[in-house]
Every structure is written in structure tokens, then in C-alpha cells.
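Asker: Residues per chain, in single letters:
Protein chains: 2
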Amino acid sequence: MKIFDDKMAPNPRRVRIFLAEKGIAVPYEQVAIMKGEHKTPAHRARNALEQLPVLELDDGSHIAESVAICRYFEELQPDPPLLGRTPKEKATIEMWQRQVEFNLYMPVAQTFRHTHPAMGALETQIKEWGELNRERATKAVHWLDAGLAGKDFITGPHFSIADITAMCAIDFGRIWRFAIPDSCANVKRWHQSVAARPSAQA
Amino acid sequence: MKIFDDKMAPNPRRVRIFLAEKGIAVPYEQVAIMKGEHKTPAHRARNALEQLPVLELDDGSHIAESVAICRYFEELQPDPPLLGRTPKEKATIEMWQRQVEFNLYMPVAQTFRHTHPAMGALETQIKEWGELNRERATKAVHWLDAGLAGKDFITGPHFSIADITAMCAIDFGRIWRFAIPDSCANVKRWHQSVAARPSAQA
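Residue numbers (our numbering), protein chains in the order written: chain A, 1 to 202; chain B, 1 to 202.
Since the hints were made in silico from the structure, they are not lab data.
Each hint should be verified, as a subset may be incorrect.
Stated by the list, open to error - With a straight-line cut-off of 25 Å between C-alpha atoms, the simulated PhoX-like cross-links for lysine-lysine are:
hint	chain 1	residue 1	chain 2	residue 2
1	A	Lys-139	B	Lys-127
2	B	Lys-139	A	Lys-127
3	A	Lys-90	A	Lys-22
4	A	Lys-22	B	Lys-90
5	B	Lys-151	A	Lys-90
6	B	Lys-90	A	Lys-2
7	A	Lys-127	B	Lys-127
8	B	Lys-88	B	Lys-127
9	B	Lys-90	A	Lys-88
10	B	Lys-88	A	Lys-90
11	A	Lys-88	B	Lys-22
12	A	Lys-88	B	Lys-88
Could you put the whole structure together from the sequences, leaning on the hints where they help?
Answerer: Structural data, given as C-alpha cells:
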């Protein structure tokens, strides 16, 4: 078993943090997106969509998509639970994971892709779409701030995959100088707490 | 327990099909997006992001996000399994669900939002982004066609949530005259099969 990883990209980081929280060690092999290594026939055979990370199982099959890879390890080793235990917990965590992904993570990524000079050669950039997403990302942090009121973590008293997705989104946003607004005190407090966990360095 | 639904929107349909496949009956209450009913204080209290569907539990709490609602019912009643049984099945189905959602469903929805006259009053339309997504949706159907080669359903021999997401995407695309290209024979065959299931009428 191994994971095809890119230390520079935000999606692989989600899986590395998840596994660090679980205390699971998996060998990583680097595939450098900025060098175009994800577009080689070898990587396309693992994931026709040319994305990272990809988990390779011992039977030679491949699981792509960060959250699907996390699901695999959660099912193999439920403790500590990062996707919930009861039906209600599982559904609530999946709700937050998706809401954070669609409303914060994706706008942060779209702003990078559509406005950052480094992406000009890799992406059909539509500046107006990038700027709309810059606004959406800021709006989403305010939404998250309301959601974190009176809570240690996004889904309640326990750290979950939703916290991983949100932290990776905010940290990735630094590439286009995104910063948590001073008015979002709950997000600031929460980010200090999750960034101080050893897993954040994974 | 009840589900806030909109018979006209594609996301609520995903949940209705899922529950029909499970044979689970839940009362529905209509919230008409085209009449702006999702923006009322009553609905915002259920989901601050103003989206549908939303599941209301008997304790008064709310679960938003179609896939999270499906997860809740899968956990309550695993049979027939639509999210997988073993760790590998669950991860593989989640991979396909996400890939179909990001590469097909979202481009179909973005094309509608950014090019359709009916959405002009509700959305900041960026035509160039809409047209890029029109191309992406077509490209995604070809990708799906390759993925369906030699398989009855997207994730293998069994119907799963990935089939629901893909069918809802393709059917929703009709609103901007999206059609499965003749060259995508696997998708045509698969669509005929899934559209003929009684759940497709839910």
C-alpha cells in the first residue's frame, strides 16, 4: 500500500493530516504537479482525472479523492473517529465537511486558479470568476465564524474531517494573501487551536 | 422527521431516489426555490446556506447536504447498500460519487447558472465561465463512458449513489439542452437502465 502525494498541493495534505490524527503510517511517493508529473501515462493509469492524492492498495487497485481515501482508513480503523460514530454524528460531520468544501475550500482554490499568475499556463483563467470566488471565500469565513460560536471544533466537541478541510482551505489561501478577518474571532481562535496540533505538520 | 424538498431542483431529487431505492418513506414539505422560499428566515434557520434538501430530525435538529442525508439513512438501514459494505467498496463508491459530482454534476449546474436566462435574476452570471463548464460537462460524459465500459453501473455490478448523482446531472442538463453524445454508447445504455428503475420517478 502507498499513497501518491504532492507535498505542495492542498488535497494531499488533507489525507496526510487525517492519517497523522489516526496514527497510521503509509509510505508516500511524490508526484510533482508543478512539474506535470500528474499528466504522465503512469499517473493517468492510477486516476484518469490526473488528480492527487491516490491510494494504491496491495491488490493494485486505486482509490482517488481525498475524502474517499479518508473513508477507507476510517473504516479500517475507526479510532479516533474523524467521520463520526452514530448515524446522526456521521451525517452531521458529512454535512459540515461538504459545506466547508463547497463554500470555503472550492472558492479559495478557484481564486488561486483563476487569478494567480502561477496558474496562467495551466488553466484557462477567467479573472471575473476568480474575483467572484475571492468574495465568496471571505463571505464563507464569516459563515464559518457563526458556525463556530460556542464550539471547540466545527462539528462540535470533537476534531473531525471538517476541521481538516477548513484548515487546509484557509492555509492554502495564503498563496493569494487570504487572511482570516479580524472580525472573525471564532475562526481565529479555532485556527490557532487546530494549527497547533502535531498533525498540522504532516 | 421530514424532508424539506423542492420537486423542481436536482439536489432534492438525489435524496428522493436514494430513499425510493431503500424503500424508506419520509414526509416531504415543499420549499419553492423559484419563489424564493429558501431565503425566508424559517428556512435560513434550518440551513444558513439557504440550500435544499434539509432533513429535520425528531429532536428538531437539521441535516443539510443531499449526500449527508443519504449517509444518515444508509447508517440507519444498510440494505440495500448504496454506499458500499466493505472498506474498499465504501471508498470506491465515495470516489466515484465525488468524481461524478465534481466533474459532471457541477459543470452541468454551473452551465445552467451562468448561461440560462432564467438564472439571470438570481445569479451573477459570467458567460465565459458558463461556456467553459458546457465544454467540461461534455468532456465528463466521455470520461464516464470510459468508466462504464464493461460495467452495469458506475461502481461495478451494483447500483450505487454514484449512479444517482450521474443520472440527476444528465437529466438536469436537459434544461440547457445537454444530451448524451451518440459516441457515448456505454452512457446511453447505462442511462436507459437507470432511468427505467421505479426510483427515477421519485
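Asker: Each of the hints needs a verdict: does it hold here or not?
Answerer: The hints, checked one at a time:
no.: 1; hint: A/Lys-139 x B/Lys-127; result: 23 Å, holds
no.: 2; hint: B/Lys-139 x A/Lys-127; result: 23 Å, holds
no.: 3; hint: A/Lys-90 x A/Lys-22; result: 17 Å, holds
no.: 4; hint: A/Lys-22 x B/Lys-90; result: 19 Å, holds
no.: 5; hint: B/Lys-151 x A/Lys-90; result: 30 Å, violated
no.: 6; hint: B/Lys-90 x A/Lys-2; result: 19 Å, holds
no.: 7; hint: A/Lys-127 x B/Lys-127; result: 12 Å, holds
no.: 8; hint: B/Lys-88 x B/Lys-127; result: 41 Å, violated
no.: 9; hint: B/Lys-90 x A/Lys-88; result: 18 Å, holds
no.: 10; hint: B/Lys-88 x A/Lys-90; result: 18 Å, holds
no.: 11; hint: A/Lys-88 x B/Lys-22; result: 18 Å, holds
no.: 12; hint: A/Lys-88 x B/Lys-88; result: 23 Å, holds
In terms of the numbered hints stated before, the structure departs from hints 5, 8, listed from lowest to highest.
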